[in-house]
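A.B. asks: Residue numbers (our numbering), protein chains in the order written: chain P, 66 to 395; chain U, 4 to 278.
The hints are simulated quantities; they were obtained by calculation from the structure and are not laboratory data.
In this text, a Cβ means the ideal position worked out from N, Cα and C, and glycines have one as well.
Each hint should be verified, as a subset may be incorrect.
What the hints assert, rightly or not - With the C-beta cut set under 8 Å, the calculated list includes, among others, these residues of chain U facing chain P:
(1) Q78
(2) W92
(3) S161
(4) E177
(5) P264
(6) D265
(7) S267
(8) R268
(9) L270
Claimed, not checked - Think about it this way: if two alpha-carbon atoms lie no more than 20 Å apart in a straight line, the pair counts; the simulated SDA-like pairs of lysine to any residue are:
(10) K208(U) to D251(P)
(11) K208(U) to E144(U)
(12) K257(U) to D251(P)
What the hints assert, rightly or not - Here are the computed distance ranges between Cβ atoms for each label pair:
(13) L171(P) to A94(U): 47 to 55 Å
(14) R395(P) to A94(U): 51 to 59 Å
(15) E237(U) to P207(P): 42 to 50 Å
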Amino acid sequence: MEKVLSVENLSIRFAGRAGDITVVDDVSFDLSVGGSLVIAGESGSGKSMVCQALLGIVPGAAKVTGTRIDWRGRDLLTLGMQDWRAIRGAEIAMIFQDPTAALNPLITVEHQISDVVCAHRRCSRQEARARAIEVLGLAGFPEPAHRMKSYPSELSGGLRQRVAIALALAASPSLIIADEATTNLDVSIQAQIVTLLRRLKDELGLALIFVTHDLGLAAEIGGDLLVMYAGHAVERGPVRQVLSDPCHPYTRGLLRCAPTLRSSRANPLVPIPGQAPRPGSIGAGSPFRSRCPVVVDGICEISRPGWTAAGPGHAVACHRFARDGREGLR
Amino acid sequence: MSVRKQEGHGVLEARGIIKTFTVRREGSTRELRAVYDVSLSVAPGEIVGLVGESGCGKTTLSRIMIGIEEASSGQVLYDGRPVVGRADWRALRRSVQYVFQDPFTALCPTMRIGQALAEPLAIHGLCPAAERAARVARMLELVGLHPDVSRRLPNQLSGGQRQRVNLARALMLEPRMLICDEIVSGLDVSVQAQVLSLLIELQEKLGLGLIFISHDLRVIRYLCSRVLVMYLGEIVEQGPTEAVFDNPGHAYTKALLAAIPDHSRALAGVEHANS
Chain P
66 MEKVLSVENL SIRFAGRAGD ITVVDDVSFD LSVGGSLVIA GESGSGKSMV CQALLGIVPG
126 AAKVTGTRID WRGRDLLTLG MQDWRAIRGA EIAMIFQDPT AALNPLITVE HQISDVVCAH
186 RRCSRQEARA RAIEVLGLAG FPEPAHRMKS YPSELSGGLR QRVAIALALA ASPSLIIADE
246 ATTNLDVSIQ AQIVTLLRRL KDELGLALIF VTHDLGLAAE IGGDLLVMYA GHAVERGPVR
306 QVLSDPCHPY TRGLLRCAPT LRSSRANPLV PIPGQAPRPG SIGAGSPFRS RCPVVVDGIC
366 EISRPGWTAA GPGHAVACHR FARDGREGLR
Chain U
4 MSVRKQEGHG VLEARGIIKT FTVRREGSTR ELRAVYDVSL SVAPGEIVGL VGESGCGKTT
64 LSRIMIGIEE ASSGQVLYDG RPVVGRADWR ALRRSVQYVF QDPFTALCPT MRIGQALAEP
124 LAIHGLCPAA ERAARVARML ELVGLHPDVS RRLPNQLSGG QRQRVNLARA LMLEPRMLIC
184 DEIVSGLDVS VQAQVLSLLI ELQEKLGLGL IFISHDLRVI RYLCSRVLVM YLGEIVEQGP
244 TEAVFDNPGH AYTKALLAAI PDHSRALAGV EHANS
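Here chain P stands alone, though its shape is the one from the complex (with noise of 0.2 Å):
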């Protein structure tokens, strides 16, 4: 398959008191074109760094580093003020968790898409309010030359998660990065919006990629999985691979601790112990080690543990699993 993005070996650091603090680290990845990635983990695993990096986006504050983000040619870690804007929208575009903060609650939601086409191409008003109709419909916004008329707080928060659909649609990207874009929304919204998205990436062709903590969605979503800890991969794969073969003792917890549609009583949950350590204080071990229940003694302190194939596709970065295989996690 043809690749659209490739990021190798991506890291972020903000500068603080005692030295830099690392919050993503060494992270590469490939979307081939038409593809989907599914990046999960909890909070403060550095998936949203990781898109905001996508998207030259990144608190001014941060260091950016990595040997290439290769995207349809060039490297996005090379970009300046001016390069950025060409790609930022046009090309990538992100939909955001929250629409309510994402939208600007004083201009009607006709000019706030219309001013998106404006800035990326010379048009008329009138080319630029048709897009702006056109665009409104493929997300599923219900009589969008009429209602686009209203002001974002008219709207429910399905319908205003449709807008900021239509926003990112607005200059036709080739690849759109949904931040836990349904995170907020109500179960049978979510639904709407899951499908929406996996119908427009069919549809218009596009490459997406999908930020979420629910392993249930990733699973709707499909394509490849990214599972991030503590701003480091520690397994990717085919969705459904990944999901039901787990090969990192961080992945088996997770599915071993988020209850499902079959979970009962009699099969109690098994929370993971303990916390998710602070950036900057992993030191060189597996960012892992200190709740793995399955640490290699005198390895996992000392050494980031590299990739090993789990599968086609699959892989795993574990010591475990490295020296032992399945065999080990149990």
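Guided by the hints, dock chain U onto chain P, whose structure is given.
C.D. replies: Chain U in isolation, oriented as in the chain P frame:
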């Protein structure tokens, strides 16, 4: 529900609750029906789930049951007796406590944790001031926090720790019942599992009853023995959790269940996740 249960000790019951709000918009007023003719009863030791979408009235109902909101009509009964005056509500709130959804706004940012936990005791005049610190320490241990936490401020704690503090504060009066409004929905799954285990432990150890409000049916299925499904202010379905989940009768319950993202179902191939 049995007659014995209705007369039993510590049962919290709502009967025929109706709540309407008056909405004024563009000069005209209209009545908004938030809760319509809802009855429910919970006994100590029982965990009852209340599910529904935002705006369905589940929070309004729970606020009525603890007296933060007043019903337009209907009655709240505790121990089989109607709760009417201020003194009744005050007595009820010693036995029934409310845990709020957002652990960030539920705690006063300038009050140390120890002080926040001792406050319910002071309000109800329950425990000599000198002994309060020891009770606070014991309670922190019960919810799995180090007693040193009592010297901290809320912003020095993580979301999961704050939610534990929140629970601990509700438990300070040794209530027989807690009303929990979406208390795990803002938490990471690994932390959520820790809080769910704690709730089960409290139920088993203290015989605590719980009204557990959530929109996440996966959590409800795990935790609750009985579930009520609320839609547009009315209870549309109720029963033992397994029966409702395995054999939903109402179209709305079916729709809710179908909308839950679930990896066990997706992997079993029932969903078309990766087709």
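A.B. asks: Now tell me if each hint is right for this structure.
C.D. replies: Results for each hint:
1. For Q78(U), the interface hint is violated, the least distance from its beta-carbon to any beta-carbon of chain P being 30 Å, above 8 Å.
2. Below 8 Å, beta-carbon pairs count as interface contacts, and W92(U) has none with chain P, the closest being about 32 Å; its hint is therefore violated.
3. Because the smallest distance between the Cβ of S161(U) and any Cβ of chain P comes to about 7 Å, under 8 Å, the interface hint for this residue holds.
4. For E177(U), the suggested interface contact is broken, since its CB lies about 24 Å from the closest CB of chain P, more than 8 Å.
5. With its C-beta approaching chain P no nearer than about 4 Å, P264(U) sits inside the 8 Å limit, and its interface hint holds.
6. The interface hint given for D265(U) is met, as the beta carbon of that residue sits about 5 Å from the closest beta carbon of chain P, less than 8 Å.
7. Given hint, S267(U) at the interface with chain P, holds; its Cβ is 4 Å from that chain's nearest Cβ, closer than 8 Å.
8. Residue-level restraint check for R268(U) holds (minimum Cβ-Cβ distance to chain P is 6 Å; threshold 8 Å).
9. Here the hint on L270(U) is kept, as its CB sits about 5 Å from the closest CB of chain P, short of 8 Å.
10. For the given pair, K208(U) sits about 34 Å from D251(P) by alpha-carbon distance, which is inconsistent with the 20 Å threshold.
11. Straight-line distance between C-alpha atoms of K208(U) and E144(U) comes to about 14 Å, which keeps the hinted pair within the 20 Å bound.
12. Under the criterion of a C-alpha separation no larger than 20 Å, the hint pairing K257(U) with D251(P) is consistent with the structure, at around 15 Å.
13. For the pair L171(P) and A94(U), the beta carbons lie near 49 Å from each other, so the given range of 47 to 55 Å is met.
14. Range check, R395(P) to A94(U): about 53 Å between beta-carbon atoms, so the 51 to 59 Å window is met.
15. Between E237(U) and P207(P) the beta carbons are some 26 Å apart, a value that contradicts the proposed interval 42 to 50 Å.
Of the hints listed earlier, those the structure fails to meet are numbers 1, 2, 4, 10 and 15, in rising order.
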